[in-house]
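Dock chains E, X and W with the ligands against the given chain G, drawing on the hints supplied.
Protein chains in written order, with this note's numbering: chain G, 12 to 344; chain E, 12 to 344; chain X, 25 to 372; chain W, 25 to 372.
One side of the interface only, derived from the structure: several residues of chain X facing chain W at Cβ under 10 Å:
| hint | residue |
| --- | --- |
| 1 | Met128 |
| 2 | Leu317 |
| 3 | Thr324 |
30 Å max Cα-Cα, derived DSS-like pairs, lysine-lysine:
| hint | chain 1 | residue 1 | chain 2 | residue 2 |
| --- | --- | --- | --- | --- |
| 4 | G | Lys148 | X | Lys60 |
| 5 | E | Lys314 | E | Lys96 |
| 6 | E | Lys148 | W | Lys70 |
| 7 | W | Lys60 | E | Lys148 |
Bear in mind the hints are in silico, worked out from the structure with no lab data behind them.
Remember, it's a predicted structure, so these values are computed and weren't measured experimentally.
Even glycine gets a Cβ: it sits at the ideal position worked out from N, Cα and C.
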Amino acid sequence: MNPSGVTAVSAETALALYRTMRRIRRVEEAIVERYGEQRMRCPVHLCIGQEAVAAGVCQALEGDDQIVSGHRSHGHYLAKGGDLKAMMAEIYGKASGCSGGKGGSMHLIDRAAGFLGATPIVGGTIAMAVGVALAAKLRGETGIAVAFFGDAAVETGIFHESLNFAATHRLAVLLVCENNLYSVYSPLSVRQPEGRPIVALARGHGITADALDGNDAEAVHVAALDAVESLRAGDGPVFLEFATYRWREHCGPNLDNDIGYRAPEEFEAWLSRCPIATHRARLLNDHRVEEGVLGDLEEDIDKEVRDAFTFAEESAFPPAEEMSTEIYASESR
Amino acid sequence: MNPSGVTAVSAETALALYRTMRRIRRVEEAIVERYGEQRMRCPVHLCIGQEAVAAGVCQALEGDDQIVSGHRSHGHYLAKGGDLKAMMAEIYGKASGCSGGKGGSMHLIDRAAGFLGATPIVGGTIAMAVGVALAAKLRGETGIAVAFFGDAAVETGIFHESLNFAATHRLAVLLVCENNLYSVYSPLSVRQPEGRPIVALARGHGITADALDGNDAEAVHVAALDAVESLRAGDGPVFLEFATYRWREHCGPNLDNDIGYRAPEEFEAWLSRCPIATHRARLLNDHRVEEGVLGDLEEDIDKEVRDAFTFAEESAFPPAEEMSTEIYASESR
Amino acid sequence: MSRVITYAEAICEATDQCLAADANVYLMGLGVPDPKGVFGTTLGLKERHGARVMDMPTSENAMTGVAIGAAIVGMRPILTHQRLDFALLSIEQLVNQAAKFHYMFGGEASVPLVVRMVIGRGWGQGPQHSQSLQAWFAHVPGLKVVMPATAYDAKGLLIAAVEDDNPVIYLEHRWLHGTKGEVPEEPYRVPIGEARRLREGEDITLVGISYMTIEAMRAAEVLAGHGISAEVIDLRSLRPFDAETVIASVRRTGRLLVADTGGVTGGFGGEIVSQIVERAFDRLICPPRRIGLPDIPTPTSPALARHYYPRAGDIVTAVMEMLDRGPVAMPPADGPLDVPDPGFTGPF
Amino acid sequence: MSRVITYAEAICEATDQCLAADANVYLMGLGVPDPKGVFGTTLGLKERHGARVMDMPTSENAMTGVAIGAAIVGMRPILTHQRLDFALLSIEQLVNQAAKFHYMFGGEASVPLVVRMVIGRGWGQGPQHSQSLQAWFAHVPGLKVVMPATAYDAKGLLIAAVEDDNPVIYLEHRWLHGTKGEVPEEPYRVPIGEARRLREGEDITLVGISYMTIEAMRAAEVLAGHGISAEVIDLRSLRPFDAETVIASVRRTGRLLVADTGGVTGGFGGEIVSQIVERAFDRLICPPRRIGLPDIPTPTSPALARHYYPRAGDIVTAVMEMLDRGPVAMPPADGPLDVPDPGFTGPF
Ligand SMILES: Cc1ncc(C[n+]2csc(CCOP(=O)(O)OP(=O)(O)O)c2C)c(N)n1
Ligand SMILES: Cc1ncc(C[n+]2csc(CCOP(=O)(O)OP(=O)(O)O)c2C)c(N)n1
Ligand SMILES: [Mg+2]
Ligand SMILES: [Mg+2]
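So here's chain G without its partners, still in its complex pose (with noise of 0.2 Å):
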């Protein structure tokens, strides 16, 4: 399965890492194409460039553990399984969308895939996660959870406090961070003391902590299995930082790089070190898998693409009755 031995995962894994991420990348590349048409009418995180850590931390985990992300949700929300129509019908504002349209792109969920919910507030689902830890540690369950943020999320004091709080208790939480070096156009140097790796902050807490490239789908991968092996031995919180880069704009489907917040050398570097071209290399010559079947697999992803989108734009919109239900929760039990 791992013939050179230069790989760190099977063939098969690799190829699924390589499924998840190209999935990921066409639907994005979708919204990107048809955001123009103004009928996706609300902000888009998008996340190409940075889709090896969804697929490789995602990857790494079972049926029961389950996930909260951030503003940039959709590579985590389709990596742990969530429902790709039910995605694209709600960022299209549709009824049929995962969160009947209430939620738009910012709010997605998918409580069948493990996807317990994103919101957009930085650094506001990273407790959230810890409760669901702490649930668990409670009921004597063994799923992990799992927070996705980026790298402004640990300038957050929720950040902290809950890292406190699951170092303390010792709960089963995978801390991810995406660190793709801005917060909207903010270099990391205006927020974060210089010299000051992110990953010293988890350290600061006594928390088992590692910095890796995040553009490597495999790496990514492999740290991510031994985080949750440790964590279903119970060792406590681990805390992941993933060095990434965001291709397009912060919000929306365009490239920003004439605004002139980052250098055009600094992008082109990234842009050569893409997650998923690198991996579709590794695929051909490390895993030996066959281009034709990259090329089906491929095909099959842009036809479910294409699929999800008429899905979503046939879907339609919520009555306006709607509006004014799921307000409140089932009034007792």
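For chains E, X and W with the ligands alone, kept in the frame of chain G given last:
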């Protein structure tokens, strides 16, 4: 001045430290003696047992340095040179109080002394000290800012947010944590991870940090002097954790060992490490200060404290109209 | 079986029964398992329920998020704050997240969470330990807000809150903890959203919120001595709020006075007055009045605090004016004005 | 010299002039120096004022504390939040600390701080990017609260806020940033606490808050076509609030409708209605009305949001009812309902 070579500071400084500690102690003992009269009608958080931190740190500060504190602030206020009479009048709710009776024990202020204010929301003033340091930086001023807080404050998000910002901008702020092992009646073990020293949190932020004996006034003072030197040199924030112990109940005048949240042995062990008694012995033995000098100084203090209580008791209550003043500062400049 | 117990004991008993009835219930808060047990409201619970009764770090914001996370997956957390003022650190989680979770995910998730907050008063609690910001929570769709004034309601509303599938803000006034009342031993529910008429009357409707219900009852007693018959309604819930009961009463009496523990300006009294005006305008004999805190932070000195808080006498005075009657002498309040009862000797 | 500029430009100019006039003024906020410059309100300021124009970490709570600390020692910080919803993280510092600092220290300290918060709307801003919680801030003594609706007031109120020695919450509605108006070049102040009559009328007083003032003006135009003369008052400040101007108007017109950008229940409209009822009861021809958001979190889908926000047509309908006139047809709103103007194409 320091003939034995055993102690780290001059006899003069050692005497000043003693004076400060003994004065704080006497003030608070007088509160203990008279709180039952029910004329000090506000919560009081006594620092008996913890005087060395206030004394040692404030002794290292200059006139343009400014400090903030929290609920347990009497010692910091007095050590920084806050007006004793105004403090006692404040605790008695009198118009002559440092806050005109509007604040009480939990809201002391003495601008002239560089005591910028204390408020009892745990962690709440730490960011303010950072703001004072930011102001100094923007204005090119040299004074440093100091925040005093307890071991529970490091559990608050604002603590971490403040450290991150201070470190990013290399602000001249000294962060002083008095770790007395408890938050109200809750031991560290139910609040923070085992084996993770508080000082590690500051180091996680890339901040120069040290953990020291908070019951040794000279050690505190020497550490504070070093910190202040580094702060004035522009080397960024410094964090000092001091191990110490509160003798009396969390809030109020009584001993509370009867209620059973801390072990009698623990309590006894800390009593035997009284910062004032040990320092007094050192004054006599190492610094060769005469017993009579200490006796005179103690008498002076006792008299000053008696006078301050008399002042507070004899001062008038604020008239009813005072309730409606000072809600807003002057309508415009 | 009913006994007379304190409001604090009623809270404790309700919590105990909820913990016993449902393994998904857990209780967390600063000092919950400590020897003082949050003003006696959590005493003995740790011993009886073990891991589901927890202390916490001073991390109000994250602990609210933790409770939300646990609630989403089916736990039913009760989170306590010894002062509402401390809970302000958790507003983002309460208002952005908990209140909206059910709606914004199209009903896919719900947050069965109870957040207890104590409203401080007296003995120098001062500006940061005494705020009564129920108006804020009552302004937020997705939250429910209850403010029991009696031991009976303290228990019944807490059980109802824990069993509710939505985030419920449960506000308890510090001066109520020691008050006593008949409380059945067995679990029971007081429906959220129902006001209660405590006293019938003809001339005016006094709506009390939380502790001010006690003062309103005192005022009604004094007014009765002057031949004025005041109806007293204990609002109990602010969101949803029982407009029907208040309106029905005011339609009969023609007069309304709201007595609130919070500030008047922008307070919940304005909502009650507005709804009454919108829906019973034709029956109003005189403009409704609101009694509550002035536009001033809480002063600490007892010499100032005594002028800060409205009391029964202020209600009586206002009612006399509304009825065009001359001022009456109130019996002077006996004892100090900054303690709930003579047994209270500070410091908290 | 007056020119026509946008509301966003007016904010930027005011800030620029404040930074230039006083070395103690500094501006901080997420993205303040970035190429988008907080919806264009901070563009060029970093270049002109250097170190006093700063980005910040996503640490809303501590950065508020930092601003308070700097303010205590004499700086005059302006803190910006791209959404009010994010500023909820800083409520503890704003309400416990900034609002009370002057009072609780007996006047020994003051906090000259301006906190700008943007209220989002449209293009799927949804539940967590669109809250309009002015009622909360207006409930807190020690704070001042302003909500300019025009470019002129945006500049004049911002300068007044920066020069004020107290914490001022400055709320700007996202749909106002692109609106244009005559704005003098030189610095000027609009006094905090003064409402402005934008249109004279006889039959009803429409009080507009922030963006709803625009809708009220539209409604007044339509009403005029039906022979109804509506007076429009732009409230501008909520704390202090100019009750006198509103009361004087309602005493003339006998009718009041408040149009608010926030939720009706527990909203600021209740305060206005209550004060009017308390002080002009005898002059009211019919019960006052409040228009604002329903008791529902903001839905994201444009199909739902279009029903969520009240518009001029809703004001017209309510006024017709208040005057016992039949319903009138409103000209259908042209174009999409979830953008401030046709030029807006998302995503934020
Ligand atoms: C508490 C809060 N403050 C500000 C914002 C505005 N905001 C939205 S996304 C974002 C940047 C987050 O950066 P990061 O965490 O690095 O994630 P990335 O966008 O890079 O994936 C900010 C500041 C917010 N959503 N929440
Ligand atoms: C935000 C907040 N939460 C809770 C409280 C209640 N409280 C008052 S003092 C205190 C304990 C603080 O402990 P620590 O910081 O260690 O200081 P110590 O009392 O030991 O000096 C707590 C929790 C508060 N004042 N503020
Ligand atoms: Mg980032
Ligand atoms: Mg402590």
